[in-house]
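Listed in order, the protein sequences are those of chains A and B.
The first sequence stops at residue 84 when you use my numbering, and every number in between is there.
The second sequence stops at residue 168 when you use my numbering, and every number in between is there.
The hints are simulated quantities; they were obtained by calculation from the structure and are not laboratory data.
For glycine and all other residues, C-beta sits at the position ideal for the given N, C-alpha and C.
Wrong hints could be hidden among the right ones.
As the list claims (entries may be wrong) - Simulated coverage check for chain A against chain B, where a stretch passes if three residues somewhere in it have a Cβ under 8 angstroms from a Cβ of chain B: (1) 1-8; (2) 22-29; (3) 38-44; (4) 47-56.
To be verified - Listed next, with one range per pair, are the computed distances between beta-carbon atoms: (5) B:K107 - A:R52: 36 to 46 angstroms; (6) A:I51 - B:L161: 38 to 48 angstroms; (7) A:L59 - B:L143: 20 to 30 angstroms; (8) B:L160 - A:D54: 30 to 40 angstroms; (9) B:K107 - A:S25: 18 to 28 angstroms; (10) B:S110 - A:D54: 36 to 46 angstroms.
Protein chains: 2
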Amino acid sequence: MLGLVAAFFTTTANIPQAIKVIKTSSTKSISALTYAMLFIGMALWVAYGIIRNDIPIILANSIAGVLCGIILVMKLLPNKKEHI
Amino acid sequence: MLGLVAAFFTTTANIPQAIKVIKTSSTKSISALTYAMLFIGMALWVAYGIIRNDIPIILANSIAGVLCGIILVMKLLPNKKEHI
Numbered sequence: 001m002l003g004l005v006a007a008f009f010t011t012t013a014n015i016p017q018a019i020k021v022i023k024t025s026s027t028k029s030i031s032a033l034t035y036a037m038l039f040i041g042m043a044l045w046v047a048y049g050i051i052r053n054d055i056p057i058i059l060a061n062s063i064a065g066v067l068c069g070i071i072l073v074m075k076l077l078p079n080k081k082e083h084i
Numbered sequence: 085m086l087g088l089v090a091a092f093f094t095t096t097a098n099i100p101q102a103i104k105v106i107k108t109s110s111t112k113s114i115s116a117l118t119y120a121m122l123f124i125g126m127a128l129w130v131a132y133g134i135i136r137n138d139i140p141i142i143l144a145n146s147i148a149g150v151l152c153g154i155i156l157v158m159k160l161l162p163n164k165k166e167h168i
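In isolation and in its complexed conformation, chain A is listed as follows (with noise of 0.2 angstroms):
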């Protein structure tokens, strides 16, 4: 039980700032390299959750993976509100 909410928090975590960073188009506090090695990190746990069959740690990962997705494409996107 305590793994599965602690996977909830983990997982979830970023859905509040890939909003804000749609919603706001804001991006200059975040730290690209940051979220490059997240999308890269959870990249690989879903690597290893498919080799393992371990379904938990694929979906968790998936779904923070893309978040982190979002949140580094909306960082790296150059025309963005901020910059005008």
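Given the structure of chain A, go ahead and fit chain B onto it with the hints provided.
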């Protein structure tokens, strides 16, 4: 091996973000709710690791938890340059 590499990325990913917020004091784009959820989630993973006597889970989530804690504190600090 794959799990170790994945753990390395997701554990150390927040180092660049922690350095960036400490150097720039800029946290405007960062979601406090995201880092609060990450901090809680990682604390729960540490508790989970202690109960199961799983050193890698304890170690990885303690490191990542401290990093998220630093970023959260910087975000919640009131009088930063950004507001002047």
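Hint numbers contradicted by this structure
none
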